[in-house]
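Novice: Residue numbers (numbering that gives the first Met the number 0), protein chains in the order written: chain A, 0 to 291; chain B, 0 to 237; chain C, 0 to 349.
Keep in mind that the hints are not guaranteed to be accurate.
Unchecked claim - Stretches of chain C that chain A covers, calculated by requiring three or more beta carbons in the stretch to come under 8 Å of a beta carbon on chain A: (1) 110-118; (2) 126-132; (3) 250-264; (4) 296-302; (5) 305-312.
To be verified - A few chain A residues that don't get close to chain C, going by computed Cβ distances all over 12 Å: (6) PHE1; (7) GLN10; (8) PHE11; (9) GLY33; (10) ILE34; (11) ILE35; (12) LYS55; (13) PHE70; (14) THR97; (15) SER101.
No lab work stands behind these hints, which were simulated from the structure alone. Backbone N, C-alpha and C fix where the C-beta goes; we use that ideal spot for every residue, glycine too.
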Amino acid sequence: MFNSIFNYFYQFLDSFSFLIIAVSGLAIIFGMMGIINLAHGEFIMLGAYIFTILAKASVPLVFAIALGTVFVGIFGYIVDKLVVSRLYGRALDSVVATWGISLLLRQGILILLGPSIPGLTTPMGTFAVGSSTYSIYRIVLAAVAIALLAGVYWLFMHTTFGLHSRATMQSSTIAQSLGINTGRMYSMTFMLGSALAGLCGALYAPTMTITPTMGQAFQNDSFVTVIVGGANPLIGMTASGTVLGVIQSALSMLFGTFFGKIGLLVVAIIVIRVLPQGFSGMIEKHMVKGKR
Amino acid sequence: MSKKILELLNVSKNFGGLKAVDDVSLSIEEGSLHCLIGPNGAGKTTIFKLIMGIYPPSEGKILFDGQDISRMPTYRRVREGISIKMQIPGVYLDLSLYDNIRIAVQKYVSYHMIPSEINRLISLVGIEDIGNPLVCNMPHGQQQWLEIAMSLASQPKLLLLDEPAAGMGPEETEFTSKIVKRINEQGTTIIFIDHDMDFVSKIARRTTVLHYGKIFAEGTFDEIHNNEDVINIYLGKV
Amino acid sequence: MKNKIKCAVTTENISAIAVFVFFLLYPMLHSAYKVLNMANFLITVILALSLALIWGYTGIFSYAQAAFYGIGGYTYAIFCKNFANPSLTPIFLIAGVLAGFLVALVLGYFMFYGGVNDVFVALVTMCFTLVLETFLAQTAGPEWAIGKAQLGGFNGINAVTPLTFGAFPVKGEALYALVLLLVLAIYLALRIMEKRNLGYCLLSIRENRARSEMFGYNTAKIQMVIFAVSGAIAALAGVLYTSWGGYIVPSAVGMTQATMPVVLVAAGGRKNPTAVVIFTLFYLVLSQNLAASGSQYSLVILGLILLLVVLFVPKGIIHSLFEIIDEKAAVLLKNGSIRTGGKANEQKNP
């Protein structure tokens, strides 16, 4: 009995952490700028490649992860300066432009590094509960996901950057008149979001085959999580990560991973009909009511 | 007694913790030219949006011509006979003047009548001299007149005008007041919001004053104008 | 009347006539192989026009055109495999188109009646396409069959009966003629629609949806229906493609396939169907020269074109050219004191 509860809990943690880590960058960028970076999957892929290349060159894993994060963050900053910053206020055009970038990245890596490069094996080994073995690394990832949520919370609620971000999210014109450099906020946010994508790639690289199209595995899940979450990055991520994590793990266990993915899409489609503002819209309404 | 074309019965609207409209009951007689005034944030535009159905009331009912329209979607309310000119010009900036009116008009007349109907609306408002520029190149005042023309395309029984004279100089304001009176004389009930007391005094027959989402005073314009309490709320003393 | 003719003499109209004459004469001047290739390209034009309808005219950016293309193709193939009689294939064509229409209608209902914002429509349609492709790719096992039709996983469905009217299979030049006819029909339908009520209705939704609702337009329903129609057109392209090649595979639904119409429409000029058709031709020439260097680079070129167009020529290259040439011509003609009709004071719809 305990074994199957643990099994389910483990599956849930796995889904939950995957969704949170994959979506964090996307959600922050969307919450701040209303832009969806369609190259998000490819940024994740870049992080995975950088991590793998460094790790294979005997760089200690933690450094490899950190460097992957930083490099993709810098790359995101460049992309913002060259492309995205010209498209502030043109949300739909930025969707098309970032898709062009995703194409370039995918094909570029394919041309430069071939269809795949040798990856690492999942570190840290396994542990057993009852008759099933589980990966320790995945538990670590779950801890990282929770730490990530805590970090985002701290960043938005307890730092000046966070305060300025929330002001800009609420109303960029008012924020500007208060002296906040909204252009710089957007660039920093895009950089942060890209870095988080790089982090995701670096963290999941040991568990996947390293190919130019590996970003697509994250694409569907992170888009759905953002849609269901809504505009507030923190509330949205947490709420949708949890709910979707439950749904996806349940469906995967019952019917297989593919149905887990279909389930997410179906949930997204129903949610946009019923709760077009996503979970954060619904929760924010109730939060403010409670304060009265 | 004149028929009531619009009735708000104990209507409230909450946004989270903010009560933008607080237990407002209002009735508008058919054919009247009614003004809604009050300091900024009093809830006037919110009431317009409730009447148009942009969001539903949190409490209370809205009756139009005897029918409960509280949950009716916006496009149906327009077809029932309510029309609006928005506070921020709701015109299609990247299109020409003719195309703007065409879009407003084409649902309400047959295909062959569209050109003549466009011309009719242009003369009704009196903007023949503008020609057919791109709307984004038109000055603010002309955009507002255009929008009034467009809002008349559905031959509404009730027209809501949100700050029709906003940002206009004295000549333009005079022109606008003539337009509004002309439309009202042809039978359309008009409710309008404005801050320009000169403009209001020229045309309003009845006035309702809103303050913090509640009805503060009602009466003819002269009664309101001389009411000390009303003056005080504008001066922020209440 | 003279004024009307002067108004009709635009760069756009002249190039439209030129392009269609070119297409008409093509089979007489080229080998059977090239004609077959061109037919495939014209099928892609149909797909691109479906996107032009939903994105260019109505302002809804949909990534799902490739999905409906695949749904059309697979529906046709499944029917063909289950009913071996070739003279029934025209009915299967209709079935494929209908399948695209209905799926798009349902998806459209959920998206537009919820009032979800434009970026989310792009995301949901993208997820839909991704999931569909993944689903089709993993249908390799024998249990994945509808009637007698094995879905076939990565290999898809093969040896599909080509479209047959009576006893005549539509192949080669006949297929080319059919596809060209359909392209012409859809193109003309779009051009005519532009100036009629439906065109202005879609325009109002594109330019300011919320305001249009307040002029009495049931915007949710209109968006849903147009989305379904564009799905039907995309499905038609899918059926034609399946008939053309005799097979349909999951990669026809893939991201690469979805890219093509987006680039063609964005780079040509999404608000102008003529620009889309002309750019497709231009792209055909470009890609034939690239074929030598390998298809890997063609995707890079596509990505670059997309990026550069969105940044610097958002109206589309061909569409912008139309406007520039028209303006220059108007100036020249004015100087030569010949009037060009009502275009001096009023400008075309952008």
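Novice: Out of the numbered hints, which ones does the structure contradict?
Specialist: 9, 10, 11, 14 and 15
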